[in-house]
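Given these sequences and hints, build the entire structure.
Protein chains: 2
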Amino acid sequence: MTARSDLYAVIMAGGSGTRFWPLSRGARPKQLLGILGGPTMIQATVARLQPLIPAERVLVVTTAALAEETRRQLPMLKPEHVIAEPVGRDTAACVCLAAVVIERLHPGATMVLLPADQIIEPADAFQRALAVGADLAAQRRLVTYGIAPRFPATGYGYIRVGDSLSQDNGIGVNQVERFVEKPDEETAKVYVAEGTYRWNAGIFCWRSDVVLGELEQHCPWLTAALAPLADHWGRADFASVLDGIYQPLRKISIDYALMEKAKDIVVVTGEFSWDDLGSWDALYDHLPHDPAGVISQGQVVTHDCLDSLFYNSGRQTLVAQGVEGMTVVVTPDAILILPKGRSQEVKKVVDALKASGRADLL
Amino acid sequence: MTARSDLYAVIMAGGSGTRFWPLSRGARPKQLLGILGGPTMIQATVARLQPLIPAERVLVVTTAALAEETRRQLPMLKPEHVIAEPVGRDTAACVCLAAVVIERLHPGATMVLLPADQIIEPADAFQRALAVGADLAAQRRLVTYGIAPRFPATGYGYIRVGDSLSQDNGIGVNQVERFVEKPDEETAKVYVAEGTYRWNAGIFCWRSDVVLGELEQHCPWLTAALAPLADHWGRADFASVLDGIYQPLRKISIDYALMEKAKDIVVVTGEFSWDDLGSWDALYDHLPHDPAGVISQGQVVTHDCLDSLFYNSGRQTLVAQGVEGMTVVVTPDAILILPKGRSQEVKKVVDALKASGRADLL
Numbered sequence: 068m069t070a071r072s073d074l075y076a077v078i079m080a081g082g083s084g085t086r087f088w089p090l091s092r093g094a095r096p097k098q099l100l101g102i103l104g105g106p107t108m109i110q111a112t113v114a115r116l117q118p119l120i121p122a123e124r125v126l127v128v129t130t131a132a133l134a135e136e137t138r139r140q141l142p143m144l145k146p147e148h149v150i151a152e153p154v155g156r157d158t159a160a161c162v163c164l165a166a167v168v169i170e171r172l173h174p175g176a177t178m179v180l181l182p183a184d185q186i187i188e189p190a191d192a193f194q195r196a197l198a199v200g201a202d203l204a205a206q207r208r209l210v211t212y213g214i215a216p217r218f219p220a221t222g223y224g225y226i227r228v229g230d231s232l233s234q235d236n237g238i239g240v241n242q243v244e245r246f247v248e249k250p251d252e253e254t255a256k257v258y259v260a261e262g263t264y265r266w267n268a269g270i271f272c273w274r275s276d277v278v279l280g281e282l283e284q285h286c287p288w289l290t291a292a293l294a295p296l297a298d299h300w301g302r303a304d305f306a307s308v309l310d311g312i313y314q315p316l317r318k319i320s321i322d323y324a325l326m327e328k329a330k331d332i333v334v335v336t337g338e339f340s341w342d343d344l345g346s347w348d349a350l351y352d353h354l355p356h357d358p359a360g361v362i363s364q365g366q367v368v369t370h371d372c373l374d375s376l377f378y379n380s381g382r383q384t385l386v387a388q389g390v391e392g393m394t395v396v397v398t399p400d401a402i403l404i405l406p407k408g409r410s411q412e413v414k415k416v417v418d419a420l421k422a423s424g425r426a427d428l429l
Numbered sequence: 068m069t070a071r072s073d074l075y076a077v078i079m080a081g082g083s084g085t086r087f088w089p090l091s092r093g094a095r096p097k098q099l100l101g102i103l104g105g106p107t108m109i110q111a112t113v114a115r116l117q118p119l120i121p122a123e124r125v126l127v128v129t130t131a132a133l134a135e136e137t138r139r140q141l142p143m144l145k146p147e148h149v150i151a152e153p154v155g156r157d158t159a160a161c162v163c164l165a166a167v168v169i170e171r172l173h174p175g176a177t178m179v180l181l182p183a184d185q186i187i188e189p190a191d192a193f194q195r196a197l198a199v200g201a202d203l204a205a206q207r208r209l210v211t212y213g214i215a216p217r218f219p220a221t222g223y224g225y226i227r228v229g230d231s232l233s234q235d236n237g238i239g240v241n242q243v244e245r246f247v248e249k250p251d252e253e254t255a256k257v258y259v260a261e262g263t264y265r266w267n268a269g270i271f272c273w274r275s276d277v278v279l280g281e282l283e284q285h286c287p288w289l290t291a292a293l294a295p296l297a298d299h300w301g302r303a304d305f306a307s308v309l310d311g312i313y314q315p316l317r318k319i320s321i322d323y324a325l326m327e328k329a330k331d332i333v334v335v336t337g338e339f340s341w342d343d344l345g346s347w348d349a350l351y352d353h354l355p356h357d358p359a360g361v362i363s364q365g366q367v368v369t370h371d372c373l374d375s376l377f378y379n380s381g382r383q384t385l386v387a388q389g390v391e392g393m394t395v396v397v398t399p400d401a402i403l404i405l406p407k408g409r410s411q412e413v414k415k416v417v418d419a420l421k422a423s424g425r426a427d428l429l
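Protein chains in written order, with our numbering: chain A, 68 to 429; chain B, 68 to 429.
It should be emphasised that the hints constitute simulated quantities derived from the structure, not laboratory data. On a predicted model such as this, the values are computed, not experimentally measured, just so you know. Please note that a few of the clues may not be correct.
Just so you know, same-sequence chains aren't split out, so a pair can sit in one copy or run between any two.
Stated by the list, open to error - Subject to a maximum C-alpha distance of 20 Å in a straight line, what follows is the list of computed SDA-like cross-link-like pairs (lysine to any residue):
hint	residue 1	residue 2
1	K414	V368
2	K421	L309
3	K407	D374
4	K407	G389
5	K407	L373
6	K415	T369
7	K407	P219
Shown next, in the form of structure tokens:
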């Protein structure tokens with residue numbers, strides 16, 4: 068594994084996720100929670116990069132509301148490396164902003180972009196895949212990461228892989244044939260059966276100058292808007308200049324702005340397990356359960372229960388008797404109860420609370 | 068309806084009930100809770116006697132631990148009429164104690180004994196039945212109250228009725244043929260089908276001198292022990308004398324001590340509805356529910372739920388999404404979740420908490 072001294076990481080941590088309501092809140096989204104016990108997801112994300120990418124070369128792009136707590140959780144990062152977007156303008160702006168900053172810090176550096184709230188194990192397999200991608204990126208390739216699908220997920224985008232460029236030490240490198248949107252279940256089953264599809268992990272690697280060049284070609288208004296920012300890095304007016312640039316920007320994702328347009332993208336498929344932990348049901352696979360399939364976190368007493376998740380971060384004792392197939396989450400100001408397997412409905416709950424003016428709970 | 072000026076009521080309120088855990092606690096049993104909203108059950112019990120038995124002729128027998136709160140909830144009662152048993156010695160001792168006191172207050176008075184935690188409606192039908200029983204009691208009869216069974220309950224004792232003595236204005240009076248213990252379901256079905264059985268409501272009426280005479284005949288050690296108390300009524304040493312008498316007493320219920328032995332008991336069957344509210348499931352019938360059968364008490368938000376009870380007396384917002392057939396109870400220090408229809412299992416929960424040293428929750 069090559070330890071490149073020009074390799075930077077950019078952790079995208081702007082999510083305001085509500086999928087773990089009532090535990091996750093606007094002011095405390097999933098990445099800032101230790102939802103599995105132990106470190107928070109963003110702390111785990113930084114730790115998982117070590118030693119390949121030391122903390123001094125890790126940047127975080129987050130929101131103004133979350134920047135202070137993010138810096139508090141990541142004291143090993145330079146405070147100015149936690150960059151606060153004044154408003155959310157989708158992923159292409161985030162990538163472009165990060166590339167402008169990194170190109171300023173280290174011209175021609177290689178940068179890995181990754182979400183703050185994924186579960187990836189083990190770290191060494193992940194770092195080996197990152198290193199393979201970084202070497203390709205240093206050769207001016209655009210690199211994305213794919214996950215061999217474990218089931219016909221309908222919640223992820225997919226990547227259809229083309230020619231194999233290498234297959235070494237468990238790490239496959241292929242040409243990207245095309246990116247495809249979240250499929251319906253029928254289609255997802257076909258994708259899984261065919262073996263030529265990967266889940267799109269939302270992890271990318273490229274040189275800062277290369278991605279700026281690509282964006283200039285495919286989305287020139289974006290680079291034109293952000294380029295002037297380089298001169299303000301490290302200066303007192305950085306935040307206000309960023310604000311002036313960001314406010315009028317229209318939103319566009321990196322997928323639309325770049326990935327679906329660029330030629331010659333490669334996909335690296337590693338031997339690590341990956342979960343973007345999109346719901347309470349997904350969490351079920353990551354916490355220890357008893358022989359009856361019952362997960363108890365916090366102050367929980369269960370009798371005769373089956374196949375349920377009891378997640379108590381409140382002060383009360385939670386007692387469940389004869390409960391089957393339920394998810395129960397307790398926080399100091401809210402309690403959520405819903406059937407296991409239906410945790411995508413948390414979104415409905417959050418929408419309804421919003422509609423009924425219960426912003427205090429969001 | 069005769070308004071007898073010699074008619075007293077004795078409310079038996081010693082229950083430490085755990086069947087409504089976590090709402091009911093050792094220090095706050097069911098009768099001291101406003102479980103239906105509004106007045107507490109003991110307050111409702113006193114109110115239900117008005118105007119037949121005015122507050123100055125109502126006594127309460129409770130435990131030392133509950134006496135203060137009971138007096139606080141019933142400021143219209145004379146404080147000394149809330150009598151605290153130093154220890155629980157079952158219902159025969161309670162009845163004998165009350166009879167000794169009432170005989171001292173008003174020799175030859177008629178006394179109705181009734182539990183503090185039943186739901187009886189409407190009050191006027193109940194009072195009419197009480198008045199009929201009181202007139203019979205004044206003629207030196209032992210009177211008990213029966214409820215026409217609505218379903219084959221296995222949680223109640225039954226009374227088999229004999230000859231009809233009168234049937235007037237919806238109130239039946241019969242000779243008691245015999246008292247029977249809580250039946251199994253098969254037997255209960257037979258009882259309901261035969262039409263000659265009543266639920267034993269645990270409500271009695273008799274003259275104080277008559278019941279003391281009957282107890283002297285059937286349980287002489289009890290009257291011998293309690294008789295000396297009469298001389299201490301209204302004196303500073305009443306509580307300590309009562310303590311000295313009660314501590315060594317062995318426990319015996321009024322059913323064993325008297326009802327199953329005495330000849331010539333009559334049973335009054337009234338036209339009031341009656342529920343001893345023995346469980347969370349029983350409560351379900353007494354609270355308003357929406358068209359989907361969902362009861363929401365307190366701060367509760369439900370979507371797509373069916374046939375469930377959400378009882379929130381905590382400070383959190385309780386949100387239920389897609390929940391069917393569950394009972395959920397929230398208090399500031401405990402949350403209980405169990406399937407609807409299985410609320411008799413609350414006892415298991417309480418026993419387990421006791422066994423595991425969680426007296427703080429009991």
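Homomeric proximity label, K415 with T369: Cα distance no greater than 20 Å: between (28 Å within a copy, 11 Å between copies)
Up to 20 Å between alpha-carbons, please classify K407 paired with D374: within, between, both or neither. Both: 8 Å inside a chain and 18 Å across chains, each within 20 Å.
Alpha-carbon proximity context of K407 and G389, limit 20 Å: both (15 Å within a copy, 10 Å between copies)
Copy assignment of K407 with P219, given that the CA separation must stay at most 20 Å: within (19 Å within a copy, 36 Å between copies)
Pop the pair K414 and V368 into one bin, within, between, both or neither, using alpha-carbon distances up to 20 Å. between (28 Å within a copy, 14 Å between copies)
Have a look at K407 and L373 and pick one of within, between, both or neither, based on CA distance no larger than 20 Å. both (11 Å within a copy, 16 Å between copies)
Is it within a copy, between copies, both, or neither that the alpha carbon of K421 lies no farther than 20 Å from that of L309? neither (30 Å within a copy, 60 Å between copies)
Hint compliance for this structure: hint 2 is the single one not met.
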